Amino acid sequence: AQSVAQPEDQVNVAEGNPLTVKCTYSVSGNPYLFWYVQYPNRGLQFLLKYITGDNLVKGSYGFEAEFNKSQTSFHLKKPSALVSDSALYFCAVRDKNAGNYQLIWGAGTKLIIKP
Amino acid sequence: DTAVSQTPKYLVTQMGNDKSIKCEQNLGHDTMYWYKQDSKKFLKIMFSYNNKELIINETVPNRFSPKSPDKAHLNLHINSLELGDSAVYFCATGLAGYTGELFFGEGSRLTVL
Chain A
351 AQSVAQPEDQ VNVAEGNPLT VKCTYSVSGN PYLFWYVQYP NRGLQFLLKY
401 ITGDNLVKGS YGFEAEFNKS QTSFHLKKPS ALVSDSALYF CAVRDKNAGN
451 YQLIWGAGTK LIIKP
Chain B
14 DTAVSQTPKY LVTQMGNDKS IKCEQNLGHD TMYWYKQDSK KFLKIMFSYN
64 NKELIINETV PNRFSPKSPD KAHLNLHINS LELGDSAVYF CATGLAGYTG
114 ELFFGEGSRL TVL
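Protein chains in written order, with the working numbering: chain A, 351 to 465; chain B, 14 to 126.
Treat the hints as calculated values from the structure; they're not laboratory data. Since the model is a prediction, treat every value here as computed from it, not as a measurement. Mixed in with the good hints there might be a few duds.
Unchecked claim - If you only want the chain B side, here are some residues facing chain A, beta carbon under 7 Å, derived:
{"id": "1", "residue": "PRO21"}
{"id": "2", "residue": "ASP51"}
{"id": "3", "residue": "LYS54"}
{"id": "4", "residue": "LEU56"}
{"id": "5", "residue": "PHE60"}
{"id": "6", "residue": "PHE117"}
{"id": "7", "residue": "GLY120"}
{"id": "8", "residue": "THR124"}
Claimed, not checked - In silico negatives: residues of chain A with every beta carbon more than 10 Å from chain B:
{"id": "9", "residue": "ALA351"}
{"id": "10", "residue": "GLU365"}
{"id": "11", "residue": "GLN388"}
{"id": "12", "residue": "ASN391"}
{"id": "13", "residue": "GLY458"}
To be verified - Here are the simulated EDC-like pairs of lysine to aspartate or glutamate, each with C-alpha atoms no more than 16 Å apart in a straight line:
{"id": "14", "chain 1": "B", "residue 1": "LYS49", "chain 2": "B", "residue 2": "GLU119"}
{"id": "15", "chain 1": "B", "residue 1": "LYS54", "chain 2": "A", "residue 2": "GLU414"}
{"id": "16", "chain 1": "B", "residue 1": "LYS35", "chain 2": "B", "residue 2": "GLU119"}
{"id": "17", "chain 1": "A", "residue 1": "LYS446", "chain 2": "B", "residue 2": "GLU114"}
{"id": "18", "chain 1": "B", "residue 1": "LYS49", "chain 2": "B", "residue 2": "ASP83"}
{"id": "19", "chain 1": "B", "residue 1": "LYS32", "chain 2": "B", "residue 2": "GLU95"}
{"id": "20", "chain 1": "B", "residue 1": "LYS22", "chain 2": "B", "residue 2": "ASP43"}
{"id": "21", "chain 1": "B", "residue 1": "LYS32", "chain 2": "B", "residue 2": "ASP98"}
{"id": "22", "chain 1": "A", "residue 1": "LYS399", "chain 2": "B", "residue 2": "GLU114"}
{"id": "23", "chain 1": "B", "residue 1": "LYS54", "chain 2": "A", "residue 2": "GLU416"}
{"id": "24", "chain 1": "A", "residue 1": "LYS446", "chain 2": "A", "residue 2": "ASP359"}
{"id": "25", "chain 1": "B", "residue 1": "LYS53", "chain 2": "A", "residue 2": "GLU416"}
{"id": "26", "chain 1": "A", "residue 1": "LYS427", "chain 2": "A", "residue 2": "GLU414"}
{"id": "27", "chain 1": "B", "residue 1": "LYS80", "chain 2": "B", "residue 2": "GLU119"}
{"id": "28", "chain 1": "B", "residue 1": "LYS35", "chain 2": "B", "residue 2": "GLU114"}
{"id": "29", "chain 1": "A", "residue 1": "LYS372", "chain 2": "A", "residue 2": "GLU358"}
{"id": "30", "chain 1": "A", "residue 1": "LYS408", "chain 2": "B", "residue 2": "GLU114"}
{"id": "31", "chain 1": "B", "residue 1": "LYS53", "chain 2": "A", "residue 2": "ASP359"}
{"id": "32", "chain 1": "B", "residue 1": "LYS57", "chain 2": "B", "residue 2": "ASP31"}
{"id": "33", "chain 1": "A", "residue 1": "LYS399", "chain 2": "A", "residue 2": "GLU416"}
{"id": "34", "chain 1": "B", "residue 1": "LYS65", "chain 2": "B", "residue 2": "GLU37"}
Think of the CB as a built atom: it goes at the ideal place given N, C-alpha and C, for glycine as much as any other residue.
Isolated chain B, as found in the complex:
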């Protein structure tokens, strides 16, 4: 039973389309994150939710909108996709606090053509 699961794993789409990536965790963690990993493998935090409340919202275009329907789910919706959105998007979870480690999903590779 996968602890942090993301769907879809691969996503190929055209510029201008709208797409969503879903994340579900069964670890009972309070906090969920979306990270973007670019082609150079740099990791950039996009959003963080704690108990369904947005607590970190980095400089991300407002075409990206996270939604947390409950503590176990954090979805990412992207409008009007651009070439530069091509990346691997990782969902992660963790306990709130400074000392806890993060648990990552396997990633969703988005390719915008």
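Chain A on its own, in the form it takes in the complex:
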């Protein structure tokens, strides 16, 4: 069955430190992977996606993510965290073999950046 796991409910990072938000997935075919961010009382915003090609994908607000096929992971990273990065982050995957375009969503990880 297709699934996405975000193993950490919450990640705490000091401002200026690097951050990582973890995501692992399980699909039967080639995965198309996405990260979204949700600020308080707002809708989700697309950050970045992996479709094919370079395993390191760069996105909005200085975020990047690394696709690792052997570990079935797509961790979100940023070299230097800002307080304004504090938000809820969702990983999502589409499975090309699923026969539809439905996104499978992780449960979300709350990122807290402390000054």
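Chain A is already provided as a structure; the job is to place chain B on it using the hints.
Using the frame of chain A, we list chain B on its own:
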């Protein structure tokens, strides 16, 4: 000019009432969705329309009925509201296909008393 707009943003109502939430997009996308986000922030897809045709209908009570009058609009009507319907409902749009990202509205927070 907001790309995906939902109205109303907040909705407080009594159990048993009927209410509607409207969604409009000006992105020209083929596909529109309704998602429910519960109090634990879990996202659950409810419906998906592609060019006014229903393509995803998850296990949702039939009290929920989506209507797409045209490609730019997808409305959600809820009959006989229950306490458990309290949530934030998000409209989203995207291009059909596997590689496109979704664009979300700001959400409609429904509180059933």
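Here is how each hint holds up against the structure:
no.: 1; hint: PRO21; verdict: 14 Å, violated
no.: 2; hint: ASP51; verdict: 11 Å, violated
no.: 3; hint: LYS54; verdict: 5 Å, holds
no.: 4; hint: LEU56; verdict: 5 Å, holds
no.: 5; hint: PHE60; verdict: 11 Å, violated
no.: 6; hint: PHE117; verdict: 4 Å, holds
no.: 7; hint: GLY120; verdict: 5 Å, holds
no.: 8; hint: THR124; verdict: 14 Å, violated
no.: 9; hint: ALA351; verdict: 15 Å, holds
no.: 10; hint: GLU365; verdict: 24 Å, holds
no.: 11; hint: GLN388; verdict: 8 Å, violated
no.: 12; hint: ASN391; verdict: 8 Å, violated
no.: 13; hint: GLY458; verdict: 5 Å, violated
no.: 14; hint: B:LYS49 to B:GLU119; verdict: 12 Å, holds
no.: 15; hint: B:LYS54 to A:GLU414; verdict: 23 Å, violated
no.: 16; hint: B:LYS35 to B:GLU119; verdict: 12 Å, holds
no.: 17; hint: A:LYS446 to B:GLU114; verdict: 15 Å, holds
no.: 18; hint: B:LYS49 to B:ASP83; verdict: 22 Å, violated
no.: 19; hint: B:LYS32 to B:GLU95; verdict: 11 Å, holds
no.: 20; hint: B:LYS22 to B:ASP43; verdict: 24 Å, violated
no.: 21; hint: B:LYS32 to B:ASP98; verdict: 11 Å, holds
no.: 22; hint: A:LYS399 to B:GLU114; verdict: 8 Å, holds
no.: 23; hint: B:LYS54 to A:GLU416; verdict: 25 Å, violated
no.: 24; hint: A:LYS446 to A:ASP359; verdict: 28 Å, violated
no.: 25; hint: B:LYS53 to A:GLU416; verdict: 27 Å, violated
no.: 26; hint: A:LYS427 to A:GLU414; verdict: 5 Å, holds
no.: 27; hint: B:LYS80 to B:GLU119; verdict: 19 Å, violated
no.: 28; hint: B:LYS35 to B:GLU114; verdict: 21 Å, violated
no.: 29; hint: A:LYS372 to A:GLU358; verdict: 7 Å, holds
no.: 30; hint: A:LYS408 to B:GLU114; verdict: 15 Å, holds
no.: 31; hint: B:LYS53 to A:ASP359; verdict: 11 Å, holds
no.: 32; hint: B:LYS57 to B:ASP31; verdict: 21 Å, violated
no.: 33; hint: A:LYS399 to A:GLU416; verdict: 10 Å, holds
no.: 34; hint: B:LYS65 to B:GLU37; verdict: 13 Å, holds
Against the hints set out earlier in the document, violations occur for numbers 1, 2, 5, 8, 11, 12, 13, 15, 18, 20, 23, 24, 25, 27, 28, 32.
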